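Please construct the entire structure, taking both the sequences and the accompanying hints into account.
Sequence lines, in order, name chains G and V. Heads up: the first sequence begins at 558 in this note's numbering, then just goes up one per residue. Heads up: the second sequence begins at 3 in this note's numbering, then just goes up one per residue.
These are computed hints drawn from the structure, not numbers from a lab. Hints should not be assumed to be uniformly reliable.
The list that follows gives simulated cross-link-like pairs (lysine-lysine, DSSO-like), each with its CA atoms no further than 30 Å apart [stated by the list, open to error]:
no. : chain 1 : residue 1 : chain 2 : residue 2
1   : G       : Lys-960   : G       : Lys-888
2   : V       : Lys-148   : G       : Lys-1149
3   : G       : Lys-876   : G       : Lys-1082
4   : G       : Lys-883   : G       : Lys-1186
5   : V       : Lys-148   : G       : Lys-1187
Some chain G residues well away from chain V (every beta-carbon gap over 12 Å; in silico) [as the list claims (entries may be wrong)]:
no. : residue
6   : Lys-716
7   : Arg-766
8   : Met-842
9   : Ala-959
10  : Met-1013
11  : Glu-1033
12  : Ala-1110
13  : Met-1244
14  : Arg-1246
15  : Gly-1252
The structure presented is a predicted model; accordingly, all values stated were derived computationally and were not measured. Yeah, the Cβ is synthetic: ideal placement off N, Cα and C, and Gly gets one too.
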Amino acid sequence: MSALNYDDIGDVVPTVTGERTAAADASLDVRIAKIDRRQFLKLTGLVGGGLMLSFAGPKAMANGGVLQPNGYIRIDAGGILLYAKNPEIGQGVKTSLPMIVAEELDAAWDDVQVVQSPIDQAAYGAQFAGGSMSIPMNWTTLRRAGATARAMLVSAAAKRWGVEPTTLTTRDSHVVHAPSGRKLAYTELASDAAAMPVPAAGALKLKDRDQFRLLGERITGVDNDALVRGEPLFGIDQSVPGMKYAVYQKCPAIGGKVKSANVDEIKAMPGVTDAFVLEGNGNAMELLPGVAIVADSTWAALQAKRALVVDWDETDASKDSWTEAKAQAQKLAQQSGPVAADQGDVDAAFETAANRVGGFYTYHFVSHAQLEPQNCTASFKDGSLELWAPTQTPGQGIGSAAKVVGISPAKVTLHQARCGGGFGRRLYNDFTCEAAAIAKRAGVPVKLQWTREDDMAYDLYRAGGFHQMEGSVDDEGRITGWRDHFITFSNDGRRPVSGGNMARGVFPAGLLENLRIEQTPLSWKNRCAAWRAPGSNVFGFVVQSFLHELAVAAGRDHLEMLLDVFGEPRQLGPRGMHTGRAAGVVRLAAEKAGWGRELPDGRGMGLAFYFSHAGHIAEVAEVSVDADKKVRVHNVTVAADVGPIINLSGAENQMQGSVVDGLSTMGLSVTFEDGRVQQSNFDSYPMLRLPQTPGVDVHFVASDYPPTGLGEPALPPLAPAVCNAIFAASGHRIRTLPITEEGFSLS
Amino acid sequence: MDVNVNGQRRSLGDVDPQTPLLWVLRDELGLVGAKFGCGISQCGACTVLVDGQAVKSCSYPVSAAGDAEVTTIEGLAGENGELSALQQAWVDLDVAQCGYCQAGQIMAAEALLRTNPSPGDDDIDQAMESNLCRCGTYIRIREAVKTAAAKTAAE
Chain G
558 MSALNYDDIG DVVPTVTGER TAAADASLDV RIAKIDRRQF LKLTGLVGGG
608 LMLSFAGPKA MANGGVLQPN GYIRIDAGGI LLYAKNPEIG QGVKTSLPMI
658 VAEELDAAWD DVQVVQSPID QAAYGAQFAG GSMSIPMNWT TLRRAGATAR
708 AMLVSAAAKR WGVEPTTLTT RDSHVVHAPS GRKLAYTELA SDAAAMPVPA
758 AGALKLKDRD QFRLLGERIT GVDNDALVRG EPLFGIDQSV PGMKYAVYQK
808 CPAIGGKVKS ANVDEIKAMP GVTDAFVLEG NGNAMELLPG VAIVADSTWA
858 ALQAKRALVV DWDETDASKD SWTEAKAQAQ KLAQQSGPVA ADQGDVDAAF
908 ETAANRVGGF YTYHFVSHAQ LEPQNCTASF KDGSLELWAP TQTPGQGIGS
958 AAKVVGISPA KVTLHQARCG GGFGRRLYND FTCEAAAIAK RAGVPVKLQW
1008 TREDDMAYDL YRAGGFHQME GSVDDEGRIT GWRDHFITFS NDGRRPVSGG
1058 NMARGVFPAG LLENLRIEQT PLSWKNRCAA WRAPGSNVFG FVVQSFLHEL
1108 AVAAGRDHLE MLLDVFGEPR QLGPRGMHTG RAAGVVRLAA EKAGWGRELP
1158 DGRGMGLAFY FSHAGHIAEV AEVSVDADKK VRVHNVTVAA DVGPIINLSG
1208 AENQMQGSVV DGLSTMGLSV TFEDGRVQQS NFDSYPMLRL PQTPGVDVHF
1258 VASDYPPTGL GEPALPPLAP AVCNAIFAAS GHRIRTLPIT EEGFSLS
Chain V
3 MDVNVNGQRR SLGDVDPQTP LLWVLRDELG LVGAKFGCGI SQCGACTVLV
53 DGQAVKSCSY PVSAAGDAEV TTIEGLAGEN GELSALQQAW VDLDVAQCGY
103 CQAGQIMAAE ALLRTNPSPG DDDIDQAMES NLCRCGTYIR IREAVKTAAA
153 KTAAE
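The following block contains the structure:
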């Protein structure tokens, strides 16, 4: 069973952030376009009053009338400010993380203002958005942060009133002395509280779950007002004085170098101020070779890019071919591969089986297709670099950009900008490195803008894969053997790509007596990396579809068979699934969807379960399939056990979005020939649209386990639930994604 | 060249008349609510209104606007900053995830409600089909359009 999948993002979790001091205004200026930052601070000082101007940076300890016991809270007479530490890429952490602080602080949510924090490892530890880790990694820290400030406010009130702290309570940003009816606002107490000793973590009393007032409520996102007004929140919205607009053309086949380019002609074009060749730094995750164009406007830069003619040296460039990879995999599937995991005796089980089933599963590469194309604003001046970047890993962004321009990470300031989607693509900072290199060479601040075509051509793709599946059941319909020869891809010729490794054990490993995983990697030059729920997003499809194949072969109800596979309620390893929680969500989803009820011809229900990112999720899809193999998904019922819910609105939104993303991806494919990506824009990568969207009913199990993240785990069960429903409706077993490869389409 | 945006006549100097309206709004006028997503009218992130009609500003030359009135997301709120019914519904229903497409979604919905104040599901499907949401917030988008329509009808 996969654990938290931390390994899949482990290579990108920030390790270098340098000796950074608090960049006091880091979060404010990402909202400003076309206004100088210092001028803005002056302006807000004039019009905004004390709160914004008194922004002192989270490292400053409590002093001068400001209660700031840690990097997450700042209270003074002007108000309560909470810092959101991690990048916001759409999972709502800029709202949910501060909610945890506010709960233990006992601050009224309406009294709170939230800002993005600076990048500061000393104050915040790792700051990144990935692996659905924001909530589980920060839950305890944020609760303690809130409780610390609350305790100091209580101490201050006790001292002022000359009463015992134990006689005081807190509620809605006030300390209350019930016996005398007195109460004081946190803002009135902040100055006194700042002088109180900071309590030790062990002395803090955290709330019991039934004392939560804010957590579990529906809270609208803290940026929603600015979003619906079109204010500059995103990376692409940034602007700095004197800024030029840059584009960067790389070789259409990864690994190609620039032989020559018509740089002089490009420089003579209207609006173009500079054009030059960059050699690259030899690291495909940082700076690939290419031609940079710098111009007075985005449009001038884009026009020049169209006129650019480059002669590429493709000696070392990718020759990747999907057609060839598929043919190779089909051949390999007939053979055994290197054993990656083995338990019991699969071959013996197959020999004595009452019934054997086999099938060859295929899934294509897909693209992240985050809606905001990659971009980054960079300013290189006097040996220092300043970046405005929509990245999921700002710490790593600082480290790699510093390397590319040859300065110390301490000389880099990175301002976190809201990200127009991430899905794993922005874990990698190639676009940040490019912007830094271009800004240094051009000698002016630049905003680097990728086109959609750049994004499709230079993505770090979710790898495709192939699985030769074999399974057996005994005469009572129990699964006796399971074999999976997984043909995966490798970028370095040794390790499988991110999300392409089953060796660590994937469901139903640990639950079956006889199971063998064989794993053969194919060499692949185009870069592959984490894509929402790495590994799980494809293994879920194969494993949960094949389980259904075995249930059908055994003549058993899928629900009943799944529960039988889970067996007795137990925890499978410290970070593994809990079979009781798994059974709980499967039963709940089935019950809410009306599993087993009579359906008209051409209509069917499918079930799937998956455990990933510490979340237990079951989904039931109800679909119709017509004679033209058009699939209409009517409804999807989701049951999830992820511990207590932080923000009910955000949590539900993630579940709905994961279902839509999962369904959308069932129709998508990226293919390669001669090293080149065959799709170029949304016309050849047709994502799901509003009319095809099913209803999604979401149910959360109220469990007392620590809360875990929701950015990813609801995606993996969707494709198998729908494919199992297609089988129920039509009798056709889908073994290929996208389903268009088998003649089906979504309607 | 000049263009009428959100009730104001804005001077553009010697901008190339073929420049897509999107880049004029973003680079020249500092109105960054309309977003760049695909550049080929496929995603709708750049949707603005020209004389009340939804257009994909990434593929709409600024010269085509002529004397028409361009409305962007920045022009929807009232004089004192009060949100329109659609904007308020988007906030109340917490529609956004990453939020990148939402200005375009709201503008497409604005164009719909201007011609059809109480749209049914099919009307919403048709009007909103050309706007992609990569995060998959379609369920809430549909609800928000209905909520705004109902609120406007009640007033």
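Consistency of the hints with the structure:
For the given pair, Lys-960 (chain G) sits about 43 Å from Lys-888 (chain G) by alpha-carbon distance, which is inconsistent with the 30 Å threshold. For the hint linking Lys-148 (chain V) to Lys-1149 (chain G), the alpha-carbon distance of about 26 Å falls within 30 Å, and the restraint holds. Of the pairs offered as hints, the one joining Lys-876 (chain G) and Lys-1082 (chain G) holds, with about 8 Å between alpha carbons and a cut-off of 30 Å not exceeded. For the proposed pair Lys-883 (chain G) and Lys-1186 (chain G), the alpha carbon gap of about 24 Å is at most 30 Å, so the pair holds.
A threshold of 30 Å between alpha carbons decides the hint, and for Lys-148 (chain V) with Lys-1187 (chain G) the separation of about 28 Å falls inside it, so the pair holds. Non-interface status of Lys-716 (chain G) relative to chain V is upheld: no Cβ of that chain comes within 12 Å, the nearest being about 41 Å off. With 12 Å as the threshold on Cβ separation, the claim that Arg-766 (chain G) sits away from chain V holds: the shortest Cβ distance comes to roughly 23 Å. Listed as a non-interface residue, Met-842 (chain G) keeps its Cβ farther than 12 Å from every Cβ of chain V; the least gap is roughly 23 Å.
Residue placement check: Ala-959 (chain G) keeps its beta carbon more than 12 Å from all beta carbons of chain V (closest about 27 Å). At the 12 Å boundary, the C-beta of Met-1013 (chain G) falls inside the reach of chain V, the nearest C-beta of that chain being 10 Å off. Look at Glu-1033 (chain G): its CB is around 42 Å from the nearest CB on chain V, clear of 12 Å, so calling it non-interface holds up. With a cut of 12 Å on Cβ distances, Ala-1110 (chain G) stays outside the contact zone with chain V, its closest approach being about 34 Å.
Some Cβ of chain V comes within 12 Å of the Cβ of Met-1244 (chain G); the nearest lies about 6 Å off, and the non-interface call is violated. The claim that Arg-1246 (chain G) lies off the interface is violated: its Cβ sits roughly 5 Å from the closest Cβ of chain V, which falls inside the 12 Å cut-off. Here Gly-1252 (chain G) does not stay apart from chain V, with its beta-carbon only about 7 Å from theirs, under the 12 Å limit.
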